Structure formats: C-alpha cells, structure tokens
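Here the protein sequences line up with chains A and B, keeping their order. To convert, take the position in the first sequence, counting from 1, and add 1; that gives our numbering. To convert, take the position in the second sequence, counting from 1, and add 1019; that gives our numbering.
Since the hints were derived computationally from the structure, they do not count as laboratory data. Be a bit skeptical, because a hint or two may be false.
Unchecked claim - Label pairs and their computed distance ranges (CB to CB):
no.: 1; chain 1: B; residue 1: LEU1041; chain 2: A; residue 2: PRO132; range: 42 to 52 Å
no.: 2; chain 1: B; residue 1: ALA1136; chain 2: A; residue 2: VAL99; range: 17 to 27 Å
no.: 3; chain 1: A; residue 1: ALA139; chain 2: B; residue 2: HIS1058; range: 53 to 63 Å
Unchecked claim - If you want the footprint, here are the derived chain B segments under chain A, 3+ residues with CB under 8 Å:
no.: 4; region: 1032–1046
no.: 5; region: 1074–1087
no.: 6; region: 1122–1132
All values reported here derive from a predicted model rather than from experimental measurement. Just so it is clear, CB atoms sit at the ideal spot from N, CA and C, and this is done for glycine as well.
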Amino acid sequence: MTLAAMFLLVWLGSLLAGFLGALTGLGGGVVVVPLLALLLRVDLRYAIGASLLSVIATSSGAAAAYVRDGMSNVRVGMFLEIATTLGALGGAAIAAHVATGAVAVIFGLVLLGAATLSVRRTAGPPGTDGPADPISRALRLDGSYPGSRGPVHYRVRHVPAGFGLMAVAGGLSGLLGIGSGALKVIAMDDVMRLPFKASSTTSNFMIGVTAAASAGVYLARGYLDPLIAAPVVLGALPGALLGARVLPRLRSRVLRLVFAAVIVTLALEMIYQGATGRL
Amino acid sequence: MSAWTDQRMERIIGRLLQTGVLLSTVLVLAGAVVELSGHASQVPDYRVFRGEPPALRGFAGIARQALALHGRGLIQFGLLVLIATPVARVAFSVFAFLAEHDLTYVVVTLVVLAVLAFSLFGAHP
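Chain A extracted, bound-state conformation (with noise of 0.2 Å):
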C-alpha cells in the first residue's frame, strides 16, 4: 500500500472513531488502535501513540463545544485531574516494560470491561436531595447543567472512591494510549452521582489532560510517528466535533448498546491476535 493509500484509510477511520469516540465520551482511542493494529496491521506502539494524540485532538475539540455549552462540570474535572494524570504517568512507565502482544490482551480485556459498564443501567437516578457530601461540599463540587426547563441542580458524593477509580481509569489511558472514557463516566455516574450528561461531558473534559500526561513520555519514548499521527489526527478531529453537535439530541440507551456491540467485536479480535502473538 502507498503512503497516499494508507493516508486515506487511516483518515477515513479516525472520522468515524472521532465521532462515535465524543458521542459516547468514551474517546476515539478505543477505536482508532484496533483500526490501525488489525486492520492496516500497524505496530502496537504507534498505533498506540497515534492514538494517544487522537484522544487528545478529540478531547480538546469537543470539549471546546461542550464547555461553552455549560454541561460540564469544571471543579469536578480539575480535582479529579490530579487523579488521572499521576495514573498516567505511572501507566506510561509500565507501558516500556510489557510486551506488546500482552498490551493487546490487556486493551481487549479493558474494550470488553468498558462495553459491558457502558451498557449496564446506573443504580438510580442522580440525587438533587438530600443533604451534601461534606467532602464534595468542602470543594465546592455540586453542580448544574442546563436542561430542557431551566438548569439542572445534582449533588456529587463519595469522592474517595470516584477519586481511586480515576487513578486506575489514567494508568490505563497511559498504558493502552486510550482516554479511558468509559472508567471515567463509571467513577462519576455510578460512583459520584453525576447526572451522564454532566459525566460524559466532564470525562471528556478531562481525557485531553490525562493523554498529555503521558504524551511527553510516549514522544520522548520515540512512540509518535508524524506519517501515521497525522491522518489520525486530521480524522479524529472533525469526527469529533461532529459528535458533539450531535450528541444533545441523542438518547443515550440507544447510544450505549450501539457502542458496545462494535467494542465487544474489537476487544475479542484483540485478545485473540494478542495471545496468539500477532500483535
């Protein structure tokens, strides 16, 4: 295949990742690796790599949007930015010293885990009662977003734990090169009670922070090839911006289930290729 080929498949691909990737505020990463290890049989750390940069095209893109939309919610982010960005470096570290046909194991294994969380109802509705977490009332997190009838009010709670889980959802982002969306909507929907709409706004939010975490350390690894990072990001970046416009008149059921069936495709294509070493 020519470099003006591969230019154009690859760019083809990351649109459409892009777009689903803000959709459902789980990133384009989950998508643009498989594409590129599978399908153009890329090797394991560019694609990676590439896809480190798409996640950050696509998180900063479309928060763009949403941050001018107000459904995100700031405080929240920034707090829980400390959390992914300390996983980040320490699962970029990890990264030099596995194999890459376990990585591969390990993405599939994480694709599997963020399509069955993704699809699984939350508990209960978000809480807009009841007294507040002093923790989250301490640091000011409570928030609103607006809906179809004035802004709507919601409570965060049990920060300790939404907190934990953020650390591993960054060790993962800086170990696969993904955004760990979906961990990150988990911690913040299940965990700390954020209405989704805040919650995947807010995720996606804060993935651009956490990718650059490990960014740096990818670069300087010699992980970011310019020839293979370029179509991705060229791709990822209008996808994204797509989604976003799209996403507010989307149910988000509807949006979860279609999601998850191609994840489930890709994750066991990449535990397969992964264990049987041809990744």
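We have chain A already, so just place chain B on it with the hints.
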C-alpha cells in the same frame, strides 16, 4: 473582580482549546501536504517498530525540522502544539481561579500542572 465568573472562565477555556486545536491542525495539515507531495507513492512499512529518530523525539530537534519546513518536522511540531493545548488550559485555570479568589482550586490546578510539567520535561533531559 465579579466579572471572573465560572461561566466566563468556561468560555475562555473553550476558545483556548479551539485555538490550540486549530493551530495544531494547520501545522499537521501543512506537514502532510509537504510529505505527500514528495513521497505519495512511497510504500511505508509500519509493521516493524523502529522508533522515531532522536531528531523527532525532543523539543529542540522538532523545532529545527519544522523551521526547515520538513514534512515530518512540521507534523511533529503540530503534534507538540496539540499536546501543549490541554497543558495551556490547566495553566490558564490557575490564573482564573486566582482571579476568583478560589485558593483551594489554585492549589488543585497547580498540582495538576506540576504532574504535566514532570511528564513533559522530566523525560526530556
């Protein structure tokens, strides 16, 4: 200082992210055009991992390659701008929280900034 509301801060952050992403896109696109106009029919092999040459790993080397208008250098410089965009957002938030007299979040944001600085400069001696 009442003008420094969360809403205003969010608007500026939005614009900051947009500018960084746009600048990065222009650089990457320019680099891609240079590279494709010269080597479009080349057959690259990315199945084998070689790692990037040292010139495309460090800040100074990338800047030199970009200024010489080499395709790969321009792309890599654009990717650096992309990495710097969320970092710039965090740096801006420090000042914004300072202007809001929200010292708790000034500290929170400084911690995040320190971790990012360590990642970017700690690995580049």
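Earlier hints that do not hold, by number = Hints that this structure does not satisfy do not exist here, as all of them hold.
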